[in-house]
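S.K.: Residue numbers (my numbering): 54 to 266.
Don't take every hint at face value.
With a cut-off of at most 20 Å between alpha-carbon atoms, the simulated DMTMM-like pairs for lysine to aspartate or glutamate come out as follows [stated by the list, open to error]:
#1 Lys82 x Asp146
#2 Lys231 x Asp156
#3 Lys70 x Asp57
#4 Lys134 x Glu113
FRET-style restraints, in silico, Cβ to Cβ [as the list claims (entries may be wrong)]:
#5 Thr157 x Pro251: 34 to 40 Å
#6 Pro260 x Arg170: 30 to 36 Å
#7 Arg170 x Ser233: 24 to 30 Å
#8 Cys149 x Leu124: 14 to 20 Å
#9 Asp101 x Lys215: 23 to 29 Å
#10 Asp240 x Leu153: 20 to 26 Å
#11 Leu75 x Pro260: 29 to 35 Å
#12 Val171 x Leu258: 44 to 50 Å
#13 Leu68 x Lys138: 17 to 23 Å
#14 Thr121 x His253: 33 to 39 Å
#15 Leu255 x Asp156: 24 to 30 Å
#16 Arg170 x Ser65: 48 to 54 Å
Just so you know, these hints were derived from the structure itself, not from any lab. In this text the structure is predicted, and so the values were computed from the model without any measurement. Think of the CB as a built atom: it goes at the ideal place given N, C-alpha and C, for glycine as much as any other residue.
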Amino acid sequence: MVNDINLEDPESNLLIKFADDLTVNVPVKTAGDSAASEVRSIKRWASDNRMTLNISKTWEMAVRGRTTMPLPLQLDGIDRKNWLKLFGMVFQDEPCCWDLQVDTLLSKAASGMYILRVCRSYGYIKENLNLLFETLILSLFHYGIEVWGSALQNEYLQRIEKLLRRVYRFGYTLKEYKISKLVEEKDKALFAKILNDPDHVLHNLLPEKRSRI
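Please take these sequences and the hints and turn them into a complete structure.
M.R.: Shown next, in the form of structure tokens:
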């Protein structure tokens, strides 16, 4: 298959392709938007390449935050949702709301806690339990934390910190982990990676490096 699908309005819209998944970001302005024309273009491309779009797995979400601007008209034949799961992270139509993302992480972490409890009953030493914790639970919070971590409000941090304190109190880990420290470490690592790579897609978004006199 030739991957030659293009945007109708490349100056304004953003097309993200990953394997067989496709995401189109279209800004909504007072004069309207080009979402409908982008959808028609994608359908036309699929037809020309003898491919069938899976409409049952095609959705739209209007990310709008706190605004009085009315919602744009819904795209014909496509369901509108107030949340979408992209690359394993749950995004909501309110940009600063991560309720579903945190709920999902804590639910998965609870399953990991059960495994830790069973393993301890079989005589696992604390070093092995700590390794299991980092593999089964802590890794959940590592993934994508650069995206959602810095946007976390205190209510989210407190819920995650409560889980981490409980893990330490129950004796599953050798030390107490802090989600705030994890966010800071991951942010610094990402910043350094972008700063040291002029070809990184986010490099031009960073402020210029200050020169000391």
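S.K.: The structure should be examined with respect to each hint, and the outcome stated for every one.
M.R.: Hint check results:
1. Lys82 x Asp146: holds, 17 Å
2. Lys231 x Asp156: Judged against 20 Å, a Cα distance of about 18 Å means the pair holds.
3. Lys70 x Asp57: This hinted pair holds, its Cα atoms lying about 11 Å apart.
4. Lys134 x Glu113: holds, 6 Å
5. Thr157 x Pro251: 34 to 40 Å: Because 36 Å falls inside the window, the suggested range holds.
6. Pro260 x Arg170: 30 to 36 Å: The hinted range 30 to 36 Å is violated for proline 260 and arginine 170, with Cβ atoms some 47 Å apart.
7. Arg170 x Ser233: 24 to 30 Å: holds, 26 Å
8. Cys149 x Leu124: 14 to 20 Å: Given a distance of about 18 Å, which is inside 14 to 20 Å, the answer is holds.
9. Asp101 x Lys215: 23 to 29 Å: With Cβ atoms ~54 Å apart, the hint is violated.
10. Asp240 x Leu153: 20 to 26 Å: Holds: the Cβ-Cβ distance is about 22 Å, inside 20 to 26 Å.
11. Leu75 x Pro260: 29 to 35 Å: About 32 Å separates the Cβ atoms of leucine 75 and proline 260, which means 29 to 35 Å holds.
12. Val171 x Leu258: 44 to 50 Å: holds, 46 Å
13. Leu68 x Lys138: 17 to 23 Å: At 19 Å between Cβs, range holds.
14. Thr121 x His253: 33 to 39 Å: holds, 37 Å
15. Leu255 x Asp156: 24 to 30 Å: holds, 28 Å
16. Arg170 x Ser65: 48 to 54 Å: holds, 52 Å
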